[in-house]
Amino acid sequence: MFDVNLIRKQFPIFSINSTSGNPLIYLDNAATTQKPMVVLERLNRFYGQQNANIHRGIYQLAYEATTEYELARKKVANFINAKDADEVVFCGGTTEALNMIAQGWAREKLDTEDEVLVTAMEHHANYVPWQTVCKQTGANFRVVPVKQDGSLDLDQLKNMLNTKTKLLAITHISNTLGTINPLQEIVELAHKYQAMVVVDAAQSIAFDQVDVQQLDCDFLAFSGHKAFGPMGIGVLYGKTEHLSTLHPFQQGGSMILQVTERQTTFKPPPHGLEAGTPPVAEAIALGTALDFITGAGLGQIKEHSQSTLLYARDQLSSLQGIQIIGPATGTSNILSFLLDDVHPHDIATILGEAGVAVRAGHHCTQPLMHALGIHSTVRISFSIYNNSDEVDHLVEALGTVKKIMS
Amino acid sequence: MKDALKQLYNKLILDRQKNPVGFEKRENAQTVLDAYNPVCGDQFKLYLDFAGGRITNATYHGYGCALSKASTSLLVEGLAGKSVSDCEEFIEYYFRTLDNDDEQAPEIYKALALAKKFPGRKKCTTLSWEAVSNFIGTTHLRENGE
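Just so you know, the protein sequences line up as chains A and B, in that order. All residue numbers for the first sequence refer to the working numbering, where the first residue is 8 and numbers rise by one. All residue numbers for the second sequence refer to the working numbering, where the first residue is 31 and numbers rise by one.
Just chain A, with the same shape it has in the complex (with noise of 0.2 Å):
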């Protein structure tokens, strides 16, 4: 029986009373989630008991800390069910993941005749790589709109592919709207140009299952701190036979297979893509929080969110002057909304005073408001750990807002 104030107890955060005296109410998961005791003592275990470099020294503490960090690999392989932990590649983050692809992969591949295609609810981590690598190579930059209900507009989509399309970055679940997109179908649309499709899964990693087998994605790619690891840990997966051709975005230590005056060659992937000593607590946490979030049941925790946020909408929905932004299409965890014409920064302050953290501005996706007349929103996400009462507490800040604004 799923029981949120149990789950709550693992997160050493909420035993704390936020700045203005009250529980903290953190409605933000989609800017990061916080963290389980499991995952904090995970990385005080490693750098307290397991602390040395890894790939390097020979010696049993060298020794465990590798064969820690490739089990954490084999882990994030299994989650996202990969057909091999080689096609798990640890980075910074969905950021650099991305752009690894952009300056690794299409900077090399791309010419003046080639068309990238993203869409205009991306974030700007899944936008402007792509912009840039079009401007370097001179490919063409295509933006696929979005509907005012901020869905995807699919026919645009199905016409703007055509043998030019050498790529399409997409996001799985918009961290603005919380759009679900369609993913399979899309990426077997793209297929069928033989387009790439990199696929930002930022926001679906810890709301809903990703299964690169079966989404049959060429690169994906997450953030560590998005379901529940640490910041500084990311993901990029790759098919074995595009990790193979993709160029070391950055180059150093660790990854070489051998350095001459005249040359270098490099390991195969992942290693190969891995320069540097990497975040290795944080990769080895990663592996917990994935265990974290596999013993809690992803599918609990998807319907945990999605559910309380039917609950939110509806609760804002009585609120007069509320505006929600989108509805999107599926329930996701995650809800854009505005209240009368007050500022959301304006918004946010008020509730910050509350105790109820929510993110407010353009989340990092200006062409999506812009697309749709707006310039920022407030933004509420959920988690496993929230609950109706903190929508209440939610609902009753926004009614001092109003009272205080109008």
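No lab work stands behind these hints: they were computed from the structure. It cannot be assumed that every hint is accurate.
Stated by the list, open to error - Think about it this way: if two alpha-carbon atoms lie no more than 25 Å apart in a straight line, the pair counts; the simulated DSS-like pairs of lysine-lysine are:
1. A/Lys410 to B/Lys152
2. A/Lys409 to B/Lys146
3. B/Lys55 to B/Lys36
4. B/Lys36 to B/Lys112
Computed from a predicted model, the values in this text were never measured in an experiment.
On the provided structure of chain A, position chain B as indicated by the hints.
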């Protein structure tokens, strides 16, 4: 902190953001400045005209929160009619008030000074003021304005 919230969003600020003085788009103004905060997306255009070493007209238009809108309104209202050096003094005084909680300062300045107690909000009260301050610091304006 609850009191600080009430003081921050007080009647003076809210009235001014609802009925802002100088909120007028003037695309043919002599100088058009951008005041933009990439963190929140607040963006104003500041329209300035000069004659005889003075700012003869100052207005603004754009999108922003209550604090940035009210503070920008105060700015353009204060700039109109001032010489370049008076503008510098006016802006300096405002910045000092925000930092030092000057008891003698006008009530609305004191209210805006509270913004620094709230995470990430101080910039809202200085955004447009910094844009004008940077602009006034240019030689170009000194040559033409003084």
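Hint check:
1. Simply put, A/Lys410 and B/Lys152 have alpha-carbon atoms about 23 Å apart, close enough for the 25 Å limit, and the pair holds.
2. Only pairs whose Cα atoms come within 25 Å are accepted, and A/Lys409 paired with B/Lys146 is accepted, the gap being roughly 22 Å.
3. Taking the CA atoms of B/Lys55 and B/Lys36, the gap is near 31 Å; set against the 25 Å cutoff, the hint is violated.
4. Restraint check for B/Lys36 and B/Lys112: the C-alpha separation of about 33 Å exceeds 25 Å, so the hint is violated.
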